[in-house]
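Line by line, the protein sequences are chains A and B.
For the first sequence, this note's numbering assigns the number 1 to the initial residue and increments by one for each residue that follows.
For the second sequence, this note's numbering assigns the number 1 to the initial residue and increments by one for each residue that follows.
Some hints here could point you the wrong way.
[What the hints assert, rightly or not] If you only want the chain B side, here are some residues facing chain A, beta carbon under 8 Å, derived: (1) Ala30; (2) Gly80; (3) Thr82; (4) Val84; (5) Gly89; (6) Val96; (7) Gly100; (8) Val103; (9) Leu106; (10) Glu110.
Hints are computed from structural coordinates only; laboratory data are not their basis.
Where is the CB? At the ideal position from N, CA and C, for every residue including glycine.
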Amino acid sequence: MTVVLPLVLVSLSVPLVLGVGRWRPAWAGLVGVGGAAVSLAAFARGVAEGPARLDVPWIPTWNARLTLALDGLSVLYGGLVLGVGLLVLLYARVYMPHYLEEQKRPRDEEPRLHAWILVFMAAMLVLVMARDALLLVVALDVTTVASYFLIGYDRERVASRSAALLALVVTGSTSVVLLVGVVLLGVTYGTFDLERLVDLATRVGPGPRLGWALGCVAVGALGKSAQVPFHFWLPRAMAAPTPVSAYLHSAAMVAAGVFVLQRFFPLLALEPRVLQALAGVGLVSMVMGSVFSLGSRRLKRVLAYSTIAQYGYVLVMVGLSGDGAPFYVLAHGLCKAALFLTVGAVTEATGKDSLTDLGGLGRSQPWLAATSGVAAAGLAGLPLTVGFFKDELFFHALAAHGPFWAGAGLLGAALTLGYTGRLWVRLFLGEPRGVGPRASAGLVLPIGVLAGLTLVGGVWLAPLSRLATAAGGQMRGHAVEVSLGYHLDTRVENLLALGAWTLGGLLVLTRRRWEEGLVPVLHTAGNWGAERLYGAVLSRADAVSDALRNLEVRDLRDRVAAVLIPAGLLGLLALGLAPTSGPLFIPGEVGWDDLPLLMGLAIAAGAAVAALGARNHLHLVMLLSCVGFSLAAVFSFAAAPDVAFTAVLVETTFTLLFVALLSRLPRESRVRAQTEAQRPRGRDWLYAAVAGGSAMAMTWNALSHLSEERVMTRHIALSQSAHARSVVSAILADFRGLDTVVETSVVVVVLLGVMHLLSGERAE
Amino acid sequence: MNNAFIQSVSRMLLPPAFVVAVAVWLKGYAEAGDSFGAGVLAALAILLQYVASGRDAARQLPGVRYAPQVAGVGLLLLLGVTFVPLVFGHAPLSHVPGPGEKVLHLGVVEVYTAVLFDVGISLVVMGFVVTAIDGLLSQRSKTAPPGGGMASPGKER
């Protein structure tokens with residue numbers, strides 16, 4: 001119960017927010033904050049009570065279970081997700097009314113944002129607590145769907161919609177790859193339980209299948225964490241309102257990717273090549289993100305590229321087996337969320353969102369400057385903030401792998417200080433530009449809380465060490481010691497930190513010299529990245545699908561052929577490839593007893609041939625129903641009264657349906673179709689031969705290999721005990737009952753479609 | 001086609017047709033016939049009214065007006081029989097009484113939940129057929145002169 005209680009509370013507050021929001025839109029935000037706060041309290045109580053676990057069967061045939069557990073990793077990430085989420089909701093409650101008012105949108109659009117943030121929060125909670133790989137994938141996909149609606153919150157704006165779609169396509173398609181990896185793992189080891197997977201894989205040892213599966217998992221994580229080459233969705237996703245960016249793109253959605261890697265780490269450790277690749281990708285993302293962040297002018301873009309870079313650091317740490325990777329995500333999430341909220345507040349107060357229009361806001365926004373200064377110091381890794389330790393752990397992991405990685409770490413940390421410092425200094429110091437009214441206290445308060453946490457984390461080290469140790473141990477799969485502390489000596493971490501501060505400080509001080517040159521270079525570079533490739537692939541695929549469609553819809557006969565020809569060829573292919581015992585076709589014997597059957601078939605064939613010469617559509621319908629009725633007669637001769645009865649009924653219904661349909665068609669199009677049909681073309685004969693020949697070959701083949709021991713014999717034996725003497729009824733309602741349910745549901749869905757289609761036409 | 005005799009006969013045929021449909025459904029437990037056939041038969045009996053007396057007269061029948069709802073009720077019945085056993089911890093679509101257990105006999109019919117399931121199938125099929133054909137005809141009779149009955153496309157020549 002302790003495990004699911006926070007989850008239940010978050011999930012329950014979603015309908016509550018929507019319900020209250022419909023009644024009083026202004027109260028929805030408060031309800032959302034309340035829901036998040038209560039569930040954070042429940043989560044804290046659960047953590048205080050110690051490890052807990054929930055284990056319920058889910059899909060027994062696949063050995064998948066609903067397993068949720070509170071362990072080191074889920075405590076750290078769950079706290080981050082709920083805590084930052086609560087603060088973001090608090091912020092959104094003040095931010096959104098202004099935001100909507102500025103755009104002259106009605107207030108009742110507000111609850112939608114709170115509700116989706118809560119949905120996202122619930123999905124993240126499931127994700128971090130899931131101990132079953134399939135459940136994890138499901139939760140990840142729910143976060144993707146929720147992020148689509150959050151990024152595309154401003155439905156009217158094209159930029160928001162396309163950004164949301166881009167994020168959905170990139171993170172969704174990579175998470176399909178992740179699913180492939182997980183299913184491969186499940187198939188290989190026969191379980192989706194992560195602990196058992198690790199156990200079995202360790203015992204069996206690495207193999208090609210494990211390598212492929214983990215590669216797929218890594219791709220999914222890279223897409224979600226916006227790492228090269230899937231990074232380009234993140235800067236575009238900045239079209240979302242600030243609370244969404246602050247939540248999704250600092251502490252939640254992008255964190256989900258590296259979380260998956262940390263969850264799978266004991267498996268990844270068996271495949272060093274995957275880990276090396278991850279470290280490489282992390283390094284590239286780190287450099288690329290940092291440089292772009294240095295050269296960006298739009299406030300949120302600076303932060304978006306910085307997020308790409310920062311998750312690159314985490315990837316490097318995971319790749320080099322650093323125990324501090326989970327802690328890094330926590331520290332980064334706190335500071336980055338605060339900075340996102342800060343730029344949102346700045347834009348809200350001044351109406352500007354670019355560094356070129358802003359500057360020297362320190363005097364007009366003292367509280368904002370102070371709180372965001374702490375957060376920026378935290379992100380840059382200055383001492384007395386929680387960020388110092390994230391950098392210390394980062395250096396610790398890198399220094400252990402030789403001078404190359406130590407140098408890379410030094411460069412990365414210097415760049416971090418560079419872009420963070422540039423952002424803060426340009427915003428709050430120097431000549432005042434674009435000054436607006438003071439940001440309201442409701443906006444500064446959540447930033448203050450985050451800044452306070454950043455400071456507290458920099459001095460009160462014992463609980464943080466415990467948290468980091470538990471999470472690191474859970475990630476590595478064995479107990480580790482992650483100790484945080486200040487050491488005043490010349491250990492390599494301290495030297496690297498000092499070097500990074502010096503370099504980063506220089507970068508900030510000399511910013512006027514390089515800024516002008518960097519921006520145009522990056523602008524050109526931005527046109528040649530993965531985003532261009534993505535666009536090219538998308539437009540090519542679009543063109544191919546258009547071409548195929550144009551080929552198909554040229555006329556009705558081609559459209560029919562487009563279905564029949566591939567189906568016929570597939571059938572022939574299956575016939576050629578499927579292993580069969582004995583000859584493919586066995587000619588049966590024809591005796592006098594078969595005379596009625598042959599007569600029925602002759603009538604059916606005659607009607608079919610006559611259909612070729614039908615003078616109008618009504619004749620055609622009648623002739624086709626003749627075919628159906630004579631086939632029904634054939635069935636009744638072949639001792640299948642059930643089939644014959646059903647065939648008669650269906651044939652009657654279809655005739656009526658056809659006639660009703662014909663009455664709707666405009667006369668001109670009927671006449672046109674008729675004249676077209678009177679001019680058969682050469683390729684029509686070919687189409688008919690392939691489709692008909694394939695159908696006949698398959699039927700003949702199936703009838704040549706009737707075996708005595710069929711499923712029917714078992715059904716007949718079972719139908720007595722199933723209370724039905726007629727085996728057909730027993731099959732429909734009992735043996736294959738679930739099939740019946742699904743088919744019937746499809747029928748009802750089709751019915752709804754038909755009704756909608758017809759009513760829409762009437763409305764025109 | 002607008003023959004008073006045909007109209008009254010078709011109207012009189014309606015109750016017996018439904019009886020036959022029920023018979024087909026119940027007979028299905030012992031021999032040929034099933035709930036699908038019963039549903040189609042009932043729908044055809046209603047559609048006969050379209051052919052005989054035209055759409056406007058046929059629409060007076062409650063079976064036509066509420067056909068979509070009938071399909072909905074049928075689906076609910078099906079889903080109910082399928083998923084209610086889950087609540088009691090059985091596999092979906094476990095019939096009560098179970099295989100081999102004692103059941104109440106009404107003639108040849110053994111009363112168990114599959115009977116309810118079959119009623120659901122009949123209702124869905126009947127609702128579907130009637131709604132689809134009624135929908136297809138609906139616009140036509142608005143533009144066509146009233147009393148034309150079923151449109152005959154053969155007139156195009």
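Consistency of the hints with the structure:
1. Ala30: 5 Å, holds
2. Gly80: The hint is violated - Gly80(B) has no Cβ within 8 Å of chain A, the shortest such distance being about 11 Å.
3. Thr82: Given a least distance of 5 Å, the restraint on Thr82(B) holds.
4. Val84: 13 Å, violated
5. Gly89: 11 Å, violated
6. Val96: 11 Å, violated
7. Gly100: 4 Å, holds
8. Val103: 6 Å, holds
9. Leu106: With Cβ-Cβ at 12 Å, over 8 Å, it is violated.
10. Glu110: Glu110(B) check passes; min Cβ-Cβ to chain A is 4 Å, inside 8 Å.
In this structure, the hints that do not hold are numbers 2, 4, 5, 6, 9, in rising order.
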